[in-house]
Amino acid sequence: MSEFDIVNKSYPQIDGLNKATGKTEFVSDLVLPNMLYGRVLRSPYAHARIDHIDISKAKSLRGVKAVITYDDTPRIKFGPRSEDWTILADGKVRFYGDEVAAVAAVDEDIAEEALDLIKVEYTELPAVFDPVEAMKPDAPLVHENKENNLAAEFKIEAGDVDQDLKNSYFVYKDRFYTNQVYQAYLEPMGALASVDLSGRITLWTGTQIPNMMRITYAKALGISLDKLRVIVPDYGGGFGAKMENNVHLITIVLAQKAGQPVKLINTRFDDFVGGNPRVAMYIDIKLGVTKDGFITGKDVHIVGTNGARTVYAPVIVATACYRPDSLYRFKSVRAIGHTVYTNTVPTSCFRGFGNSQMTFVLESALDMIAEELNIDPAELRLKNGIGENEVSIHGWKITSNGLKDCVLLATKKANWNQKRKKRKFFRGIGLACCNHVSGNRAFAREFDGGAGIVRIGRDGNVTVYYGESDMGQGQKTVFAQIVAERLGVPLDIITVEQVDTDISPFGMGSFATRGTLMGGNGVLKAAEDAFKQLAAVAADMLQAPPDEVECKKGKFFLKSSPQKSVSFKEVAEMATFKRAGAPVVGVGFYKPPTELPDPKTKYGNISPAYPFGCHIAEVEVDPDTGQITVTDYVAANDIGRAINPMAVEGQIQGGVAQGLGWTLMENMALDDKGKLINPDFLDYVIPCVMDVPEIKPILVEPVDPEGPYGAKGIGEPALNPVMAAITNAIYNATGIRIKELPITAEKMLKKLKEMKNKIK
Amino acid sequence: MKIPLTITVNGERYDLEIKPNRTLLDLLREDLGLTGTKKGCGLGECGSCTVLLDGEPVKSCLILALQANGKEVLTIEGLGKGKPDPLQIAFVEKGAVQCGFCTPGMIMTAKALLNKNPQPNDLEIKEAIAGNLCRCTGYNKIVEAIKSCAASTKR
Ligand code: FES
Ligand code: FES
Numbered sequence: 001m002s003e004f005d006i007v008n009k010s011y012p013q014i015d016g017l018n019k020a021t022g023k024t025e026f027v028s029d030l031v032l033p034n035m036l037y038g039r040v041l042r043s044p045y046a047h048a049r050i051d052h053i054d055i056s057k058a059k060s061l062r063g064v065k066a067v068i069t070y071d072d073t074p075r076i077k078f079g080p081r082s083e084d085w086t087i088l089a090d091g092k093v094r095f096y097g098d099e100v101a102a103v104a105a106v107d108e109d110i111a112e113e114a115l116d117l118i119k120v121e122y123t124e125l126p127a128v129f130d131p132v133e134a135m136k137p138d139a140p141l142v143h144e145n146k147e148n149n150l151a152a153e154f155k156i157e158a159g160d161v162d163q164d165l166k167n168s169y170f171v172y173k174d175r176f177y178t179n180q181v182y183q184a185y186l187e188p189m190g191a192l193a194s195v196d197l198s199g200r201i202t203l204w205t206g207t208q209i210p211n212m213m214r215i216t217y218a219k220a221l222g223i224s225l226d227k228l229r230v231i232v233p234d235y236g237g238g239f240g241a242k243m244e245n246n247v248h249l250i251t252i253v254l255a256q257k258a259g260q261p262v263k264l265i266n267t268r269f270d271d272f273v274g275g276n277p278r279v280a281m282y283i284d285i286k287l288g289v290t291k292d293g294f295i296t297g298k299d300v301h302i303v304g305t306n307g308a309r310t311v312y313a314p315v316i317v318a319t320a321c322y323r324p325d326s327l328y329r330f331k332s333v334r335a336i337g338h339t340v341y342t343n344t345v346p347t348s349c350f351r352g353f354g355n356s357q358m359t360f361v362l363e364s365a366l367d368m369i370a371e372e373l374n375i376d377p378a379e380l381r382l383k384n385g386i387g388e389n390e391v392s393i394h395g396w397k398i399t400s401n402g403l404k405d406c407v408l409l410a411t412k413k414a415n416w417n418q419k420r421k422k423r424k425f426f427r428g429i430g431l432a433c434c435n436h437v438s439g440n441r442a443f444a445r446e447f448d449g450g451a452g453i454v455r456i457g458r459d460g461n462v463t464v465y466y467g468e469s470d471m472g473q474g475q476k477t478v479f480a481q482i483v484a485e486r487l488g489v490p491l492d493i494i495t496v497e498q499v500d501t502d503i504s505p506f507g508m509g510s511f512a513t514r515g516t517l518m519g520g521n522g523v524l525k526a527a528e529d530a531f532k533q534l535a536a537v538a539a540d541m542l543q544a545p546p547d548e549v550e551c552k553k554g555k556f557f558l559k560s561s562p563q564k565s566v567s568f569k570e571v572a573e574m575a576t577f578k579r580a581g582a583p584v585v586g587v588g589f590y591k592p593p594t595e596l597p598d599p600k601t602k603y604g605n606i607s608p609a610y611p612f613g614c615h616i617a618e619v620e621v622d623p624d625t626g627q628i629t630v631t632d633y634v635a636a637n638d639i640g641r642a643i644n645p646m647a648v649e650g651q652i653q654g655g656v657a658q659g660l661g662w663t664l665m666e667n668m669a670l671d672d673k674g675k676l677i678n679p680d681f682l683d684y685v686i687p688c689v690m691d692v693p694e695i696k697p698i699l700v701e702p703v704d705p706e707g708p709y710g711a712k713g714i715g716e717p718a719l720n721p722v723m724a725a726i727t728n729a730i731y732n733a734t735g736i737r738i739k740e741l742p743i744t745a746e747k748m749l750k751k752l753k754e755m756k757n758k759i760k
Numbered sequence: 001m002k003i004p005l006t007i008t009v010n011g012e013r014y015d016l017e018i019k020p021n022r023t024l025l026d027l028l029r030e031d032l033g034l035t036g037t038k039k040g041c042g043l044g045e046c047g048s049c050t051v052l053l054d055g056e057p058v059k060s061c062l063i064l065a066l067q068a069n070g071k072e073v074l075t076i077e078g079l080g081k082g083k084p085d086p087l088q089i090a091f092v093e094k095g096a097v098q099c100g101f102c103t104p105g106m107i108m109t110a111k112a113l114l115n116k117n118p119q120p121n122d123l124e125i126k127e128a129i130a131g132n133l134c135r136c137t138g139y140n141k142i143v144e145a146i147k148s149c150a151a152s153t154k155r
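Line by line, the protein sequences are chains A and B. Per the working numbering, the first sequence starts with residue 1, numbered consecutively. Per the working numbering, the second sequence starts with residue 1, numbered consecutively.
Mixed in with the good hints, there may be bad ones.
Said to hold, decoys possible - With a straight-line cut-off of 20 Å between C-alpha atoms, the simulated EDC-like cross-links for lysine to aspartate or glutamate are:
no.: 1; chain 1: A; residue 1: 9; chain 2: B; residue 2: 93
no.: 2; chain 1: B; residue 1: 2; chain 2: A; residue 2: 528
no.: 3; chain 1: A; residue 1: 553; chain 2: A; residue 2: 528
no.: 4; chain 1: B; residue 1: 19; chain 2: A; residue 2: 528
no.: 5; chain 1: A; residue 1: 696; chain 2: B; residue 2: 93
no.: 6; chain 1: A; residue 1: 559; chain 2: A; residue 2: 570
Unchecked claim - Selected chain B positions facing chain A (in silico; Cβ < 10 Å):
no.: 7; residue: 4
no.: 8; residue: 40
no.: 9; residue: 41
no.: 10; residue: 45
no.: 11; residue: 46
no.: 12; residue: 54
no.: 13; residue: 55
no.: 14; residue: 70
no.: 15; residue: 93
no.: 16; residue: 133
no.: 17; residue: 136
no.: 18; residue: 137
Unchecked claim - Stretch by stretch, here's where chain A covers chain B in the computed footprint (C-beta under 8 Å, at least three residues):
no.: 19; stretch: 29-39
no.: 20; stretch: 99-113
no.: 21; stretch: 144-150
Calculated directly from the structure, the hints in this document are not laboratory data. The C-beta atom is built at its ideal place from N, Cα and C for all residues, glycine as well.
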């Protein structure tokens with residue numbers, strides 16, 4: 001039997017029934033009195049000068065309450081990482097979909113009609129879409145002041161790579177390409193904004209980083225931080241995308257101008273062309289091994305697409321440069337990453353954050369090396385995998401580590417040994433591993449950690465305030481479980497409040513697979529504080545010293561004589577009486593023992609805990625059509641102790657389905673003018689139920705010393721190994737390795753034909 | 001120009017005047033305040049707006065409200081009589097709900113299936129919901145949830 005009452009048990013989401021009955025109000029469902037509807041006019045060109053904008057007709061349309069262009073904005077340059085943003089285009093558009101003007105009207109039809117009435121004269125400029133092309137000396141410049149279109153350069157080096165590669169028995173060299181894909185959350189981005197009489201703004205939006213976004217936006221609006229309040233209602237998925245985006249700021253400026261609340265929700269088209277999709281990367285790798293399969297050195301060069309302004313691409317490219325260096329015992333590593341401006345939609349975070357791109361490359365390379373050395377791919381991983389309590393080449397302190405168990409359990413469940421031996425025509429099985437972080441000290445801007453507030457009122461009900469963001473993954477439920485466990489109360493008396501920057505702790509947000517560990521520790525510490533206050537009251541009531549009392553299942557009792565008890569509710573009531581009505585408020589925080597990486601060497605410990613994983617895919621390739629079907633999938637993930645095993649399984653299955661879509665189906669395709677040609681779900685196809693096999697999760701649960709009740713994160717490592725697991729299986733099935741994602745049926749068929757011709 | 005419309009939604013009759021280009025989805029969400037039905041694309045490509053029109057699952061973003069004149073609409077809010085439908089409970093308990101944005105449409109589609117075919121097999125379930133996208137769950141638990149309701153009707 002579990003030593004816990006509430007954690008480490010599968011519970012449905014605490015607000016699940018509200019969602020299933022349609023009661024939950026998502027951002028796009030919110031309505032305020034006098035609310036207007038906003039729409040954005042976007043650039044039809046990838047690169048053009050704006051010669052003239054005429055908004056007079058749009059303004060005079062009945063029902064239109066505000067029309068704005070750059071001149072109506074505060075005209076401040078800003079950006080989360082680089083000040084290359086403006087709210088609405090300043091004389092120039094830099095990508096197909098760039099925001100030019102916006103309207104607010106009494107209904108959506110009128111807003112739409114008003115957009116048609118805005119006349120913009122453009123002069124088209126030469127444009128560049130590919131980051132390698134954009135680095136060439138004669139390439140058009142996306143920003144006049146950014147030489148060679150370089151947004152950022154990242155370098156990292158440890159050990160003597162040249163020497164190690166020279167001394168290697170075999171060096172695998174190749175170039176890979178990971179394409180641009182769209183997060184495709186089901187609720188498009190958007191916001192509701194309202195301005196009060198004092199000019200103070202309230203913004204309701206689905207954001208993964210409410211507090212950091214607020215800082216960026218206050219700067220953009222030229223206001224002090226206290227003039228902006230951000231509230232995060234329930235929202236329909238994020239997967240990395242829902243961070244800073246101009247659509248929110250446009251909503252605010254419209255509301256200011258109209259003097260009425262404005263709701264602006266992207267149409268699906270707007271979301272495709274104006275969202276923040278994954279950073280596409282060219283990745284060159286050299287990977288050396290000894291004769292008996294020990295990895296020596298790794299040399300990498302990455303060129304990544306920034307898009308027309310900087311969201312988070314530079315940090316994502318940097319992550320690709322070095323994160324998997326802490327998966328294996330490398331002797332030496334070196335990487336250079338260039339993040340390059342292009343006249344394409346600004347790129348940003350998508351589950352995996354660069355590690356997924358590089359894991360695809362590294363795990364493909366290892367598969368080729370295993371073949372070259374005639375070593376089983378699983379054995380190769382076990383041989384090189386970093387172990388428990390080891391320090392990686394960049395100084396990451398790996399504590400709990402279930403990598404080895406992941407490989408052993410996954411191979412066993414998938415019947416790996418037998419299936420690898422018995423080859424079947426056009427059927428294959430492939431494996432890939434991954435590591436990740438639970439928080440990223442190098443990304444969090446000012447500090448890392450988490451905090452919480454736990455309030456218990458006279459009625460004995462518990463309200464939890466947190467500062468991260470539940471984008472649907474079930475964070476609120478996990479936090480409720482942690483608090484319930486610590487207080488010793490049933491789950492159903494816990495409410496978790498939406499994040500509101502006026503009330504909630506200053507959380508860094510939901511990214512870097514950090515929510516459970518950072519935010520979870522924050523609310524755990526807060527619950528501890530509340531518990532102590534209540535225990536003192538209970539001790540009085542039970543006439544015993546405070547450390548003699550314990551609480552379980554909603555009852556305080558004496559450890560020595562459990563039959564002497566008093567209910568949690570009675571204690572809460574007494575506490576309120578004794579304190580003249582003051583509720584019990586527990587406040588707590590967690591500061592992780594991380595070390596900010598050295599700016600030059602990048603040596604440091606960026607996360608308090610590191611999750612690992614090993615996935616195995618089985619595929620079937622149709623030789624006549626090239627169609628690839630994933631027939632079976634085993635996903636073993638080291639997640640520390642699972643707070644909610646069912647939620648973890650859901651994360652794994654969702655992550656694998658997303659990886660499957662990326663590997664086989666999804667691609668944002670541009671025409672030769674840089675226009676996205678598939679901005680809808682008919683042409684940009686994401687997996688439907690028919691495309692996804694049964695995904696069998698295996699939870700590997702080494703208790704992590706830093707995690708709340710031993711938990712680590714799962715969001716991103718659920719996806720990281722998928723691309724290589726599938727492509728390695730395709731290689732096993734056909735002997736064909738396609739190094740550019742996605743591997744569509746068309747691409748596969750072409751390669752199959754080429755192979756056939758060769759054999760003839 | 002506005003046109004009269006008589007429609008029954010979740011058992012309640014409405015006599016309205018609407019713009020002829022109003023979609024059934026916008027009618028439900030904007031005019032009747034029934035925001036349980038979601039708008040994921042507005043183009044008939046995601047299924048999050050699925051409701052039952054005279055018992056048939058339809059993508060309400062593709063239907064003009066006037067096409068529903070004189071008909072009966074069932075939305076997620078009207079499902080279950082006073083208490084949640086077994087499908088709603090199963091979705092929650094089986095972990096088929098993550099962000100929940102696809103959930104109402106998914107449940108309505110599943111409801112139509114079970115109305116017609118109370119004991120569908122796996123393939124029939126999958127075929128029924130093939131037009132409903134979910135980006136969070138990988139569908140495994142959704143199929144499981146629907147299946148669990150099929151089994152319970154059998155008993
Ligand atoms: S909103 Fe109707 S199908 Fe997407
Ligand atoms: S639960 Fe989020 S889209 Fe299905």
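The hints, checked one at a time:
no.: 1; hint: A:9 <-> B:93; in the structure: 13 Å, holds
no.: 2; hint: B:2 <-> A:528; in the structure: 61 Å, violated
no.: 3; hint: A:553 <-> A:528; in the structure: 16 Å, holds
no.: 4; hint: B:19 <-> A:528; in the structure: 57 Å, violated
no.: 5; hint: A:696 <-> B:93; in the structure: 19 Å, holds
no.: 6; hint: A:559 <-> A:570; in the structure: 18 Å, holds
no.: 7; hint: 4; in the structure: 19 Å, violated
no.: 8; hint: 40; in the structure: 5 Å, holds
no.: 9; hint: 41; in the structure: 4 Å, holds
no.: 10; hint: 45; in the structure: 4 Å, holds
no.: 11; hint: 46; in the structure: 6 Å, holds
no.: 12; hint: 54; in the structure: 20 Å, violated
no.: 13; hint: 55; in the structure: 19 Å, violated
no.: 14; hint: 70; in the structure: 24 Å, violated
no.: 15; hint: 93; in the structure: 5 Å, holds
no.: 16; hint: 133; in the structure: 6 Å, holds
no.: 17; hint: 136; in the structure: 5 Å, holds
no.: 18; hint: 137; in the structure: 5 Å, holds
no.: 19; hint: 29-39; in the structure: holds (count 9)
no.: 20; hint: 99-113; in the structure: holds (count 7)
no.: 21; hint: 144-150; in the structure: violated (count 0)
Figure legend: structure checked against the earlier numbered hints; hints not met, in rising order: 2, 4, 7, 12, 13, 14 and 21.
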